[in-house]
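Whole structure, please, built from the sequences with the hints as guidance.
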Amino acid sequence: MFCAFLGSMRQLSLCAVALATFIIPCFILAPVRADDLRGHGGPVMAIALSEDGGSALTGSFDYSMIHWQLSDDGPEIVHRFDEHDAAVNDVVFIPDTSLAATASDDGFVRIWDLESATLVHVLEGHSHKVVDLAVSADGALLASAAWDQTARLWHVETGTLAGVLEGHANNVNAVAFSTDGEQVFTASYDGTVRAWETQDARYLSTLLSFGWGINELQLLPDGEHLLFGSLEGTVGVIDIEAGELETTLVSHDGPVLSLLVDHDEGIAASGGGDGRIYVWNVDDWSSLGLHENPYGPVWAMALSGDHSSFYYGSLDDFAIHWQMTPAAPYEEVRSDFPRRFQVSEDMSLGETQFARKCSVCHTLTPDGANRAGPTLYRVFGRRAGTLPGYAYSTALLQAEIIWNEDTIEQLFDDGPQEFVPGTKMPLQRMTNPEERTALIAFLREATQGDSSVDGDGDELEQ
Amino acid sequence: MARMKFLCDAERCIECNACVTACKNEHEVPWGINRRRVVTINDGGPGERSISVACMHCSDAPCMAVCPVDCFYQTDEGVVLHSKDLCIGCGYCFYACPFGAPQFPQVGNFGTRGKMDKCTFCAGGPEEDHSQAEFGAYGRNRLGEGKLPLCAEMCSTRALLAGDGDRVADIYRERVVARGFGSGAWGWSNAYPGEGS
Chain A
1 MFCAFLGSMR
11 QLSLCAVALA
21 TFIIPCFILA
31 PVRADDLRGH
41 GGPVMAIALS
51 EDGGSALTGS
61 FDYSMIHWQL
71 SDDGPEIVHR
81 FDEHDAAVND
91 VVFIPDTSLA
101 ATASDDGFVR
111 IWDLESATLV
121 HVLEGHSHKV
131 VDLAVSADGA
141 LLASAAWDQT
151 ARLWHVETGT
161 LAGVLEGHAN
171 NVNAVAFSTD
181 GEQVFTASYD
191 GTVRAWETQD
201 ARYLSTLLSF
211 GWGINELQLL
221 PDGEHLLFGS
231 LEGTVGVIDI
241 EAGELETTLV
251 SHDGPVLSLL
261 VDHDEGIAAS
271 GGGDGRIYVW
281 NVDDWSSLGL
291 HENPYGPVWA
301 MALSGDHSSF
311 YYGSLDDFAI
321 HWQMTPAAPY
331 EEVRSDFPRR
341 FQVSEDMSLG
351 ETQFARKCSV
361 CHTLTPDGAN
371 RAGPTLYRVF
381 GRRAGTLPGY
391 AYSTALLQAE
401 IIWNEDTIEQ
411 LFDDGPQEFV
421 PGTKMPLQRM
431 TNPEERTALI
441 AFLREATQGD
451 SSVDGDGDEL
461 EQ
Chain B
1 MARMKFLCDA
11 ERCIECNACV
21 TACKNEHEVP
31 WGINRRRVVT
41 INDGGPGERS
51 ISVACMHCSD
61 APCMAVCPVD
71 CFYQTDEGVV
81 LHSKDLCIGC
91 GYCFYACPFG
101 APQFPQVGNF
111 GTRGKMDKCT
121 FCAGGPEEDH
131 SQAEFGAYGR
141 NRLGEGKLPL
151 CAEMCSTRAL
161 LAGDGDRVAD
171 IYRERVVARG
181 FGSGAWGWSN
191 AYPGEGS
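Residue numbers (this note's numbering), protein chains in the order written: chain A, 1 to 462; chain B, 1 to 197.
Quick caveat, the hints were computed from the structure, so don't treat them as lab data.
Simulated pairs of lysine to any residue, SDA-like, Cα-Cα distance not exceeding 20 angstroms: (1) Lys84(B) with Gly32(B); (2) Lys84(B) with Arg429(A); (3) Lys24(B) with Asp190(A); (4) Lys84(B) with Gly415(A); (5) Lys84(B) with Asp414(A); (6) Lys24(B) with Ala169(A); (7) Lys24(B) with Ala133(B); (8) Lys84(B) with Glu435(A).
Since we're looking at a predicted model, the values are computed, not measured.
Okay, here's the thing in structure tokens:
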């Protein structure tokens, strides 16, 4: 009976399999485990672990990076960096320093000092999403890949541009440095992997013309090969010297979304849109295991300090911690299901609008849950840009808007960018007046604070 | 009601790019966006194949499963469409799609993410059928006019087929029988698992 709530045929088929085997409800009450990295308010798109494994960085759809301290007692949040104006797509530690860098949908790369929890540099130049970062072994140079068809090189210490790698015919999705840092490699939606000279950003050669777009690229421990993952699911190895495809390892049933290469242990792994994670020994490419999460893609992966476990990001608001090799006989899938934006048939029109269009970024409770937008708790009568603790855009801070039925109506009729130019809120309009009115009526009720609706838009038990 | 599907016969595609041009012209797709493209694998070498690729309107569409604002919907004819009013340009669908179909226009202001654009199977969008608003955001609604996607109509070698999935599968099956081999329907089993051919 609960199957009516499911959003896709894939989920229906999963339930069918489950029901055929065991009688279980299709509502999955996700278990909470203390070793997962919980603190974000949106899906985790990037994970990095420090060399000693003692700390971690995660980047999320919620516009933030979180710095974690890892110990036997579990992860602890050291600081949440929320100065980006859009989703954070990648995070890296800068070796031998206290610095880290983030890449964002807002088109900027930012360099942070983790010790003082301060912003050090804002790297401006890209004109589209920045989706991948790589840092040279000596920590002097940072490379960024962006959907403006370029990759850029930056001096970490000064935050200045060191070069622009131009030539790809479409989005650049990934970058990697050679071991000595003298070359940098780029992978693009145009289906090519290219080599460039770091010193003068000069194009050297096209290592691979694969046809299908390349999503991911990592240098392998021998320094002579690259591991790549493509949008149609192929994971393969490129011989850099020969400039050719050496072998293909596996074909995911969907795009390859993340690669993991551990230079100490000689382990490589690929995560895909099919929820599968294949693990190999890079010496002979023998299989070391297969992990599966049937509920979603594997956006990001990182190996723990002792190499016994790994973290990965999917559609959940947290990074999941699983045993690495050998794979545990049974791993819980801690994904909440159905997700908060998946609507049920018994929702009112207004509640449906909230669940689908607002809940991914806003709560209705006093706790904003670190989502991309501020909580809407008691939003009526509140002046825009005044909720303590939320990193508003300058546009909202300067806006003289009081949120009420009229202003919220106008916000969605005109669209956020028209109503408050410069806001961080994504371009989203509601052109149907009936839906706008229903949403506002729902918000009027649900943001009061004493309603029977919780922060995820679910009805609380009486 | 017919279940609409695309099929690209890689044994026939000659990489002429007429489908790409027809689509761009018919829908007045903005600069920098191609809803359809031709991918060539093993270019210049043995086993070279070209494949015309756009949104395949998958039965179990992975883009729908990852969208955080649930902006996709599937019509009674199986066409996967989306609402540009709802789309927040996060790009999750771009990475989830095994065909690389979702496209994102470059927008001027930092922090403002462009709305996703993709093939509509020439079926318009959620706006009123044949309205200026529908054409402006999604392109021509040829399906609503009783026509099939122009890319396939324009294909001179009939490599690209579009229409009732059963009929399309039958045509391909006849070709395979006639030529004695058939591995050309790239992406069909991925887009429509367990649905024949």
